[in-house]
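Below, each chain spelled out in residue letters.
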Amino acid sequence: MSVIDRGRDLSLEDVAVWELGKRFGFYGSVLAIVLASMFPVLWILVSSLKPPAELFVFPQEYLPYTVTFDGGFRIVQQYPLTLENYARALGQRPVGQYILNSVIVASGTAIIDVILGAMAGYALSRLRFDYKLPVLLIVLFSALLPFISRLIPLYKLAISFQGTPAGALFGLNQYLGLILPYAAFQMPFAVWIFQAYFKQLPDSLEEAGLMDGLSRVGVLFRIILPVSMPAMATTAIIVFIYAWNEFLFALTFMTQDSKRTITVGIALFGGQFNSPWGIISAAVFMSLIPLLLFMFVFQKKIVEGLTAGVGKA
Amino acid sequence: MADSTAQIGETSRFGEESLQGRLRRYRELRLTEEELAVALLTPVVTFLLAVSFYPILDTVWASFHTGYVIQLPGQPQEFVWLENYAKLFSTGSFWNALFVSLFYTFVSVPIELVFGLALALLLQRDFKWKYFAQAAILFPWALPTVINAKIWAWMLDPNYGVISDLLVRVGILSQPFAFLSNPDIALYTMTFITIWKTTSFMTLIMLAGLSNIPEHLYESARMDGASKWRRFRDITLPLLKPTILVALIFRTLPAFQAFGLPFGLTGGGPGEATTTLVLYAQQAAYNNPGPTNGGFALGSAAATVITLLALVIALIYVGTLYEPEVR
Chain A
1 MSVIDRGRDL SLEDVAVWEL GKRFGFYGSV LAIVLASMFP VLWILVSSLK
51 PPAELFVFPQ EYLPYTVTFD GGFRIVQQYP LTLENYARAL GQRPVGQYIL
101 NSVIVASGTA IIDVILGAMA GYALSRLRFD YKLPVLLIVL FSALLPFISR
151 LIPLYKLAIS FQGTPAGALF GLNQYLGLIL PYAAFQMPFA VWIFQAYFKQ
201 LPDSLEEAGL MDGLSRVGVL FRIILPVSMP AMATTAIIVF IYAWNEFLFA
251 LTFMTQDSKR TITVGIALFG GQFNSPWGII SAAVFMSLIP LLLFMFVFQK
301 KIVEGLTAGV GKA
Chain B
1001 MADSTAQIGE TSRFGEESLQ GRLRRYRELR LTEEELAVAL LTPVVTFLLA
1051 VSFYPILDTV WASFHTGYVI QLPGQPQEFV WLENYAKLFS TGSFWNALFV
1101 SLFYTFVSVP IELVFGLALA LLLQRDFKWK YFAQAAILFP WALPTVINAK
1151 IWAWMLDPNY GVISDLLVRV GILSQPFAFL SNPDIALYTM TFITIWKTTS
1201 FMTLIMLAGL SNIPEHLYES ARMDGASKWR RFRDITLPLL KPTILVALIF
1251 RTLPAFQAFG LPFGLTGGGP GEATTTLVLY AQQAAYNNPG PTNGGFALGS
1301 AAATVITLLA LVIALIYVGT LYEPEVR
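Line by line, the protein sequences give chains A and B. 284 is the number that our numbering gives to position 284 of the first sequence; each next residue is one higher, with no gaps. 1223 is the number that our numbering gives to position 223 of the second sequence; each next residue is one higher, with no gaps.
If you're looking for bench data, these hints aren't it; they were derived computationally from the structure. Using N, Cα and C, we set each Cβ at its ideal position, and we do this for glycine too. Treat the hints with care, as some may be off.
What the hints assert, rightly or not - Label-pair ranges, simulated between beta-carbon atoms:
1) Asp212/A to Arg1027/B: 19 to 29 angstroms
2) Leu293/A to Ser1090/B: 45 to 55 angstroms
3) Pro94/A to Gly1021/B: 56 to 66 angstroms
4) Leu1321/B to Asp130/A: 27 to 37 angstroms
5) Glu1215/B to Pro94/A: 51 to 61 angstroms
6) Ser107/A to Trp1061/B: 33 to 43 angstroms
7) Leu136/A to Gly1092/B: 38 to 48 angstroms
8) Leu1029/B to Met229/A: 16 to 26 angstroms
Stated by the list, open to error - Some chain B residues close to chain A (C-beta under 10 angstroms, calculated; not the full set):
9) Pro1055
10) Ile1056
11) Ala1062
12) Phe1127
13) Gln1134
14) Ala1135
15) Met1155
16) Asp1157
17) Leu1166
18) Phe1259
19) Ala1285
20) Ala1303
Take the sequences, apply the hints, and build the full model.
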């Protein structure tokens, strides 16, 4: 994978002061960038563990303990750590419910996009048929349409469905009311990832399947889908993160507190008088735990899955 | 079984298949290439037409009519020609929002592109803890925009913000600074925050693009004695062009539609200093229950203008950067 091969294997003649300095510079800059990237999250963690009195001070304390030297080393406590903010966040607002709502909406969106995206991606990349160009144009064009210009009509539609049987399917405060728009918005992306991935597969896969007496549907389900796990994983993860993060529609469509997603829940957390930053920090950190797990577990898969799609614009 | 599979293509193309035979074939899920394509694409196309294209057309329609936040059934919507647009273009708020969005987009995206490419080149090397570093560097991309806005609102708090604290410690500031309530600075601050966050997205796309460049090109260039800079300029950059196009389109259009960041960070303030186009349109639509031209009519006109601008931006990019399959 590595193309520029600095500092990969250290041979004897490399061990010079210059090389050491370079390596030091390299690791130093990586560390600095990592810190700059993670600092806001770390600061939220620190803030969420501080008692309220320690939060609103200037200058701020960073670490709960420091080591001082006065003849001997001593560990000095700067502020006590507390979980009070977490208890209060959970007590004041249904943070658990928000997170559950987000999980439902994001998973539903990811499932729809993986299924429909794989279907369309397969047809567009590996089947011969008329009207391929118009279909491609519909998919591409819908990727360019701004979300705001789809918001008002869908909102009007949801309002007019209220109270009718259709309202249970697509209405305000319905999970599907978010899942369907999200799935449509990310569909071009899903189709793009799948068609790029399928294009890379050798033609012999289908030929072998047809020779063995499988139908075309059989080829798709028995041969193509089982080898397309990387594309499915990439699509699912990225669509999940998109749906987890979306705000404009979530704000508009979920008017009941118990149906709000975590982004809206936190955005509307501000108190009547001033913002309770300790409690907000606790809620924010809880909302980030799934994303932190996702990124640290799956990021290699995300990059690999995108690789097929990006090369061929 | 096997022989019928081979014949399917022929029979259906010439329409000689009996209806019953065709139904039986469908029941057994033995489809021709074309039938399978139709079966696979119909749900997606229907879905996109219903949830993406119908709303756009409805927005355009609504922008030429009177409209209310809550349209009562039977309440007439009158055709008003360009009245909504006239109202939109006569408000200073719209032009301000247009400026904010254009500044925010076209300052942040190029900087993100350069930073993202630099970080991707850095991460492309193999080193200890590489994947840990990569996950950490890509994390801001996964951070929800509006939650990111809240985090930065706290870090930039005018009295207790940690950014002020850091800058005081290094000696750049002598006392806490109100980055977000100063009307001259707020837009720069917001642009900085988006650069911080979305550089990670650029890095992600660039990493994927870089790993598509075959290594043997670099090796032969090295053997020819090409310098590092030459290798970057003559191999990496040209081969990365399609990736850069994808990254620019994927980044410019969302930046142009920024909503969550100003909503969570400043609410568009102070005054309207950070009110982006989409925030303006959303506020026009939902906080503006005026009798005729208010509410959804004005919001729809604004949304239509945003759509047109987004399409123009996309066309310009594709027109200048797209090269049909050079390789």
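* **Contradicted hints - numbers only** => As far as the earlier hints go, not one is violated by this structure.
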